[in-house]
Amino acid sequence: MTAIPTSLAPLAVSSPTGRAGLADAVRSEWAKFWSVRSTGWSLAVTALAVVGICVLATSTGHDLVPDPTRRSLVGFFLGQLTIGVLGVLVMSAEYGTGSIRSTLTAMPRRPVVLGAKVVVFGAVALVASELLAFAAFFIGQALLSGSGRNHAALGDPGVLRAVVGAGLYLAVLGLLALGLATLIRHTAGAIATYAGIVLVLPIIVGALPTGLDNAISRYLPANIGLTMISTGGGHLLSAPVFSPWTGFAILAAYAVAVLAAGCFLLVRRDA
Amino acid sequence: MIEARGLTKRFGDVLAVDGLSFDVLPGRVTGFLGPNGSGKSTTMRMAMGLDSPTAGDVTVAGRRYHDLPWPLREVGGLLEANAIHPGRSARSHLRALALSNAIDRHRVDEVLELVGLTAVAGKRVGKYSLGMAQRLGIAAALLGDPPVLLFDEPVNGLDPEGIRWVRTLCRGLAAEGRTVFISSHLMAEMALTADHLVVIGKGRLIAEMPVAEFVARSSSQSVRVRTPAPERLAQALGPAKAIVVPQPDGSMTVTGMVAADIGDLAAALGIAVHELTPVASLEDAFMELTNDAVEFRGVS
Chain Z
1 MTAIPTSLAP
11 LAVSSPTGRA
21 GLADAVRSEW
31 AKFWSVRSTG
41 WSLAVTALAV
51 VGICVLATST
61 GHDLVPDPTR
71 RSLVGFFLGQ
81 LTIGVLGVLV
91 MSAEYGTGSI
101 RSTLTAMPRR
111 PVVLGAKVVV
121 FGAVALVASE
131 LLAFAAFFIG
141 QALLSGSGRN
151 HAALGDPGVL
161 RAVVGAGLYL
171 AVLGLLALGL
181 ATLIRHTAGA
191 IATYAGIVLV
201 LPIIVGALPT
211 GLDNAISRYL
221 PANIGLTMIS
231 TGGGHLLSAP
241 VFSPWTGFAI
251 LAAYAVAVLA
261 AGCFLLVRRD
271 A
Chain B
1 MIEARGLTKR
11 FGDVLAVDGL
21 SFDVLPGRVT
31 GFLGPNGSGK
41 STTMRMAMGL
51 DSPTAGDVTV
61 AGRRYHDLPW
71 PLREVGGLLE
81 ANAIHPGRSA
91 RSHLRALALS
101 NAIDRHRVDE
111 VLELVGLTAV
121 AGKRVGKYSL
131 GMAQRLGIAA
141 ALLGDPPVLL
151 FDEPVNGLDP
161 EGIRWVRTLC
171 RGLAAEGRTV
181 FISSHLMAEM
191 ALTADHLVVI
201 GKGRLIAEMP
211 VAEFVARSSS
221 QSVRVRTPAP
231 ERLAQALGPA
241 KAIVVPQPDG
251 SMTVTGMVAA
261 DIGDLAAALG
271 IAVHELTPVA
281 SLEDAFMELT
291 NDAVEFRGVS
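Residue numbers (the working numbering), protein chains in the order written: chain Z, 1 to 271; chain B, 1 to 300.
Note that these hints are calculated values from the structure, not bench results.
Fair warning: this is a prediction, and the values are worked out from it, not measured in the lab.
Fair warning: there could be bad hints in the mix.
Facing chain Z, according to a computed beta carbon distance under 10 Å, are these residues of chain B, among others [to be verified]:
1) 9
2) 48
3) 52
4) 64
5) 68
6) 71
7) 87
8) 89
9) 91
10) 137
11) 252
Partial pick of chain Z residues on the chain B-facing surface, computed with a CB cut under 10 Å [to be verified]:
12) 25
13) 32
14) 35
15) 37
16) 38
17) 63
18) 97
19) 100
20) 109
21) 116
All C-beta atoms in this analysis are idealised placements derived from N, C-alpha and C, irrespective of residue type, glycine included.
Start from the sequences and build out the full structure, keeping to the hints where you can.
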């Protein structure tokens, strides 16, 4: 390594007009998102969880299935964990590795950085989740009908809404996880908080006296998710629930609120 | 050009940077010197928009970092070599940075070539040595061909050849008319690399002057003496209140007496002297100036 040059040709193209903006940040975040192994792994594990549990849930037994659509989509309750991990890592890995400093010196307007992450991760999570929802639905229904049990068709009442809803649910939860990581900045802390919200909170609320349980449980992301993936809108729950689309609006509001709080702190705190 | 005006940063009760004002001009290498914990990195981070000042301001090319339209094309920063995701390859890291500032992808290969990482550009950065990570950090800083460069401890972890390379690179960049601002706690390295110095201690400005002037102002000049009878001469110098420090190469460093007096004394005693060289080191000058401004000191 004796002949390392020490001077560099100037940039062929001089600075473009305007300033670096969201489009540039999105291109950069897209390249970053796909250039680490955790992305492929998280998506693969999410697919395995959603499809694998669907196969398990629909290929065994000979009972009457109360809601065949929901039966084929139950894997989403495990998939919400793995997509959440990916959502957390998109932001927390920047702090864990120190790369946030590279990111913010390249794009010092921090809301633009967060916006680009939301666009890139949100788009990938939505496309992946919808693909998985339809895949799980068709695989599950095929297995149910193969064993001679009752099954659903996409044109049946509430079915398309439940399948699309399953994908939306997963994508929005992923964004909620991204927002939590922006607030908390630590991978383990953000994943623990996220898992606490989607998994532990329903257990705690379920243990409350019925009156309190009925008042609170409809607001929990997991119960909103259950209504979204059910063709009947969650009439199987004992406590009252929101309609699927009202629930989705509430879930989206959670994600927006957490992302907004994260953005506020991202701008205020030293990196 | 970099301008700091009354730059102040407080972390809780600790005043890390305290009313710092200085200018870093283009066309020369400006060394940023200070003991550990004196506020160098914090100052660098404020200049790069990562930390916000408690008071005062620091601008690059007349603007706050936040307001630069294409930051990587205007400022190249090296802040800690580990500011890179270890799971990403060097090429992926640089490509992502290039995309964020609309820099052509061919430029990535150019800077990789420049820092000598072309052969390992596809390897995950986590497998890099500290020296390689440091080279990658410098490649990232040069990506946008910026007129201003800020390097925080650029020779950290580099082998002697790498240190020489950074020195040549920095001098070359300054000769092209760029503003080059390098922090270091290695005074000897600064003596070889920098033209101008900004010296701080406990977050305050101690000196801002050319390197030569900084050294000349040092009162504790010492003399390198080489003699076949070091013990006899050392004994003779003792009563004259000179401090004699034997060096590993067989010479000795005498502080507290000028060269002529040492020579006269040796002649009077009939001791042969093979070398008598006055040496003023940047290190000594630095120690003298920052003596009161060292945050942490071992008990001696």
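- prompt: Quick one, is the residue 37/Z hint okay against chain B at 10 Å, beta carbons?
  reply: 6 Å, holds
message: Next item in the hint list is residue 100/Z. Is there a CB on chain B closer than 10 Å to its CB?
response: Because about 8 Å separates residue 100/Z from the closest Cβ in chain B, which is inside the 10 Å limit, the hint holds.
- request: Would you check whether residue 137/B satisfies its interface hint, that is, whether its CB is within less than 10 Å of any CB in chain Z?
  value: Holds, because the Cβ-Cβ distance from residue 137/B to chain Z comes to roughly 9 Å (cut-off 10 Å).
message: Does residue 91/B hold up as a contact with chain Z if the rule is Cβ-Cβ below 10 Å?
response: Cβ of residue 91/B sits 9 Å from chain Z, so the hint holds.
field: chain B contact restraint for residue 109/Z - C-beta distance below 10 Å
entry: 7 Å, holds
message: Does residue 71/B hold up as a contact with chain Z if the rule is Cβ-Cβ below 10 Å?
response: 6 Å, holds
- request: Using Cβ atoms only, decide whether residue 89/B comes closer than 10 Å to chain Z, and label the hint accordingly.
  value: Holds - the Cβ of residue 89/B comes within 10 Å of chain Z, reaching about 7 Å at its closest.
query: Does the interface hint hold: is residue 97/Z within less than 10 Å of chain B, judged Cβ to Cβ?
result: 5 Å, holds
- request: Closer than 10 Å between Cβ atoms is the bar; does residue 68/B clear it against chain Z? Give me holds or violated.
  value: 7 Å, holds
query: Taking the closest Cβ pair, is residue 25/Z under 10 Å from chain B?
result: 6 Å, holds
- prompt: How about residue 32/Z: closest beta carbon in chain B under 10 Å, or not?
  reply: Holds - the Cβ of residue 32/Z comes within 10 Å of chain B, reaching about 5 Å at its closest.
- request: Verify the interface restraint on residue 116/Z: the C-beta must sit less than 10 Å from at least one C-beta of chain B.
  value: Holds, about 9 Å.
The structure fails hints 11 and 17 (numbered hints given earlier, in ascending order).
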